[in-house]
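Based on these hints, arrange chain F on the given structure of chain G.
If you're matching them up, the sequences are chains G and F in order. Quick note: the first sequence uses the numbering used here, first residue 1, plus one each step. Quick note: the second sequence uses the numbering used here, first residue 1, plus one each step.
Note that these hints are calculated values from the structure, not bench results. From the three backbone atoms N, C-alpha and C, an ideal C-beta is built for every residue, glycine too.
With beta-carbon atoms standing in for the labels, derived distance ranges: (1) G/Arg532 / F/Asn282: 34 to 42 Å; (2) G/Lys278 / F/Asn71: 22 to 30 Å; (3) F/Gly180 / G/Met626: 45 to 53 Å; (4) G/Asp262 / F/Gly246: 58 to 66 Å; (5) F/Thr195 / G/Asn377: 50 to 58 Å; (6) F/Asn282 / G/Ala310: 42 to 50 Å; (7) G/Lys278 / F/Gly246: 36 to 44 Å.
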Amino acid sequence: MKHSKYYLQAILATVLALAATAGASARNHAIHNSLPDSTARLDTVRQLYEVTVTSKPPVKTIATSQTLSGADLQALSTTSVADALKYFSGVQIKDYGGLGGMKTVNVRSLGAQHVGIYIDGIRITNAQNGTVDLGKFSLSSLESVSLFNANKLDHVQSASEYASGATVYLQTRRPTCDSLSIQLRNASFFTWMAKANAQFNWKGWQGFIDGEYCSSRGDYPFRYHSQYEDTVGRRANSDIRYGRVEAALFRGGFSSHVYYYDSERGLPGGIVRRLSDKYTNVGREWDRDFFVQASYQKNFLECLLFKANAKYTNEYLRYCTKYPENQNTARVDNHFRQQDAYGAVCLAYMPWPWLSVSSSYDLRYSIMKADLKRFENVKRVDQKLVFAAQMNWKGIQAAASALHQRYSDWTFVQAGAADPIDRWTPAVSLAYTWKGLTARWWYKQIFRAPTLNDLYYTQAGNRNLKPEYTKQLNFGLEYHWSRGQQAWSRDMWEVDLQADIYQNKIENRIVCLPLKGTYTWSMMNYGYTFCRGLNATLKGHYSRGDWRFSLINSITWQRDVDRTDPEDEDMYNKIICYSPTFSTGLTAIASWRTLQYTASYLYVGERMWSKADPEDILEPYHNLDMKLSYTHHIKRTSLGVCLEVCDVLDEQYEHIPRYPMPGRNYKLTLTFGI
Amino acid sequence: MKRLSTLLLLTLYIYNMYAQERIIILNEGMWQSDNGRISYFENGAIVSNQWFRDRNSSKIGDTPNDIIQVNEGLIAIAVNWSNIVQFIRPDGTAVAATEDIPNNRRLCSDGRYVYVTSYGHECETIYGTVYFTKGFVAKIDLSNFKVVATCEVGYEPEGIALYDGRLFIANTGGYAEQEGDHEFETTVSVVNAATMTLEKNIDTHIPNLYGEMSQCGRFLCINSPGDYYETPACGLIFDCRKALEGTDCFVRFNLPATYNTATTDGRFFVIGSAFSYITGENVFASFTIDPSTFIRTKGQAGLEHTMPGTMAADFANMSQPYGIYVNPYTGYIYGTDAGSFEGAGDLYQWSPQGQLLGKHRVYINPGHFLAIAPEDWASGVETIDHSSLTIDHCVFDLQGRRFNGDGRLKPGTVYVKDGRKTLRLR
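Isolated chain G, as found in the complex (with noise of 0.2 Å):
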C-alpha cells in the first residue's frame, strides 16, 4: 500500500512536472533535482525527495541570482519577505522597527526606489512613491523569493522586467494537492495571528486561498545606552492589525493571483530626549491595498513563445494626526488613492535551439487623488517597449535588450505636469561556462522616473526633475556542484557557489533638499554616488537516509561613497550613511523526518547615518534567531508546533537613528492541516 501511494506521489509530480513543461516550452523547462531512484528499487521503501519544478532559464547562470525556496525558505524565521530578504548578498534592508515598521530593501546601495518587486512575474508598483513595504507580503504562499541584480533573463519576460537595478522575484506555490491548514500564533508584545490555508489540485487547475489576520500591540522595550544617555523605555503607538486575504489559481500556462490587504497601525516617531511620556507621537496610518493579476504562457510552432499579463490596483492610504493629544505637529487627516491598470504582451523568436529573441510592449495607466490642498489628480501613462535576444552555443552564453521607457503625464496642479520623459537604456551579459563552472560579465544601464510624489507634492514636489541613472558592471564566478544519490550510497550532497564584484554609479539622485536660504524643502536632483563591493554566497546540501542539513552564507563588502563635489573634502569620497561595508549572514538548518532546527545568523556592520562627526554611527549589530518545528502526522491530519526565538541575544540595534528594533522576542506557532 506504501508503495503504491509513493508511486502514485512520484507519477503525480512527474505528470506536474510535464505539464509545467508543456505549458511554458518543451525545451526550456526542467526538472531540477531529480527523483531518487527509488522507482528502480521496488521492494524497499523510499522517502521522495521534495521536487523543485522551475521554470528554466536558457542562460541561467549569466545574471546574478540568489534564490531561498522551498525548506529553506520556510525554514527560516520570518514573518515577511523582508525576513528573507535579509539573509541574501549584497541586500540592505530599512527597517522602522515593529511589526508596524515600514521593511523596504535596497541592493547594492541602488536605493529603494530602484529594486523592482515581481510577483510571479508582474511587478507590484507604486506610483505615488515608488517604494514597496515588503512587511504586506507573507511567505506562506510563495515557494521561492529570488534576487536577480540586473534583469532575470527568461526567454519571454515583460519589459517591466528589464525597468528595474535590481528585481526581486516571488514565486508564487503551485499547490500538488488538495489541503487545509490552519495556524495559530502566539508572540511577544501581545501579538496574535491566525492564519488559513486551504488548496486544491483538480483536474489539471490549481489554486489556494490563503488569509490571514494579526493583532499586536507592538509595545517593545528599549534601551539606549550611551556615554551621554541611559535611555528606557517601551515603544508607544507601535501596534497594528491587519488582515490579509489572497487567492490563486493556475492551470498549465495560465497563472492569476488575487491580494487584498487591510491594515491600521500606530506612527511611532524617533526616540528623541523627553522629559516624560506625556508627548508622544499620535499619527496613525490605514492601508486598503487590493490587486487582480493574470499571466498566460503559451508556446506556439516549437519556436515561438506567448506570454500576456494584465493588472488592476486599487490602493488606498489615510494618514491622520489629528488628534487632540497631537501637539507636535500640523493637525491632519489626509487621504491618498492609486488606481492602476497594467497590461503587456511579450513574443520570443526561437530560430534556433541556442538562440532567441524577443520583444515586450507594456502599457501602465496610474491615475492618483489625494485631498491634499494645492494638490489636483494626477495621471500617468507609462509605456516600455523592450528588444532583447539570447544565446547559448557551446557553453558560450549572451544576452542584450534595450529597453525604452516613456513617462507622460497630466494633471491641473498650479505648476504644470512635467515635461515627458522618452529615454532608451541598455543592457548587456555575457558568460561562458566550463565543467559547472560560469564566469560571467554584465552591464547594465536603468532610470527610475520621478514618482508621483517627486513631482507634485504639496510644498515638496518639483516638476522640473529629471530622471536617477543607475550604470552597474559586474563580473562574477559561479560553481555548482552536486551529488546525487547512488544505489550503492544513501548520500546526497549539492554545493553552489558564487562571487560577484561590482560597480555602480548612480547620477542626479533625487533627494527631498531645502532651498538655499529659504525655509521651503523641494525635491531635487542632487548627488552623484560610486559604489564597489563584492557579494559572496555559499550554499550546501548535505542528505542522508532521514538527515537533511543545509547551510548557506552569504558575504557582503563593499565601499560606497560621495562622489558629488569634488571640492567639498568633507563629503568627496566618504562612505554614503546607511552603507555598511561589511556584512554576513549565515544560517544552519538540520533536520531529521519533521523535526526541524534552525540557526540564523546575521551581522550587520558600522554604517555612518550622519557625516558629521565620526561618532555619529549606527553600531554593528549580530542578530542571531533560532527555530524549532516538529509535525506529527496522523494518517491525513497533521500537527505542528514550532517556537521560535529572535533575537537571542538581545541584542539592542537600529536601521534607522532612534528607532529601535525589538530585542529578544518570541513566537509560538500551532499548525492543524488535513
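Just chain F, lined up with the frame of chain G:
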C-alpha cells in the same frame, strides 16, 4: 627693542587672558534623530561641538530652535521637538528644564520671566492645563521655572520680542497648507507682558510671518516666505513704538528676509531667498536696512544692497546659508552654512568691517547664536553705593531664591547667607 617686544607680548598675553569672543551656536541636528548639539566658540576657535554633552553628560535633545540670555547667570534654549525649554548657566551647566510648553518655538525675556511662543494647543500652568484653539505665548517664572500665565494669539506664532512692557508676536499660520482649516496668518499680536492679555492684532496683510525675527530697539525685522506659490516672499520693518501709539507702524520691502540680525549700530543685516513652487525659481539676496530711515521714508531710503567687506560674496558662495548674527558686545559678525544638511555645517566669522577671519566646522544645521559678554566686559556701572545697604541675614538657595527661615533647611543643603556659600551640616 627687547623691552618693547616683551611689553608687546605681555600686552597680548593679558589681552588673551580674557575671552573676548564667546559665542554659543545651536546646531539643530536632524529631525527625530535626537542629535541637536551646542557648539561653543571662543577667541577664534571652536572649543567644543558638543558643549552641552561635555558639561552635563547628557544630550540637549531634538531640534534646539532658539537661544537667549535671560540674565547674567541664565540662558534659555527652546528645544522644539523635545518639547523642552532648557535653562543653562553661561558655563553650559544645566539648571532646570520644563516640558510644560509643547512645540515651543522662540523666546524672549525681561530678566525675571521668559516668554515662549508655541504652535501647540495646550500648556501646563500652575493653575492647571490650559487649552487653546490657536497658538499661544507662555510666561515662565524664573523663581520656580513654572508657567504662570498664558495668552492665546494667532495660529502658529513664531517670532517674539519685548518692547515697553509689550510682547510683539509674529503669527505665521504655518500649518495652513497641511491642516486646511485656517489660512496663513498676517498679524502681529501685541500682548501685555505683565497681565498676559492680548491688546491688539496688527494686520500687516502679509501672510506667513515665519522664521527669524530680530529686534533693534523699537524696530523689528520680520520675514515672510509668502505662500511659496502665488504670494512672493518679502519682509517688513516694524516699529513697536508706533504700533503702541496706533499709527502706521510697518513698511514692507519686496525682498525675502529669511535670516536677519541686528547690528551694533542700529541696522539689520539680511539674507534671504524667494522661492516659488510654480516657477521653481529661487532668487537669493543680501542687503542692509537702516530701520529708522526706512520707516521714516516709508521704504524710499534706508535699504542698501551692500554688506560690509566680503560678507555678501561669502554668503552667496555658501551652499546653504543658515544663519547670521552680530555679536552685540564686540560687533564681530557670524554666519553659518548648513552645507549638505547630511554633514556638518560651517561657522564663518567676519570682523566688524566684514573681513572674513575664519571658517570653522560645527555640526548639523547650525542656525542660532548667542554671544556671551567678554570676561572683561564692563557693565556700564561706574560706582557702587553701599551706604544704604542693610544686611538682613536672609538665606537664599543657589538659584537666588529666598528661604523663609533656617528651620526649613535640611542637613546637607548648600545655601547662601550674607554673601557666603554655606553647607548646613546638622
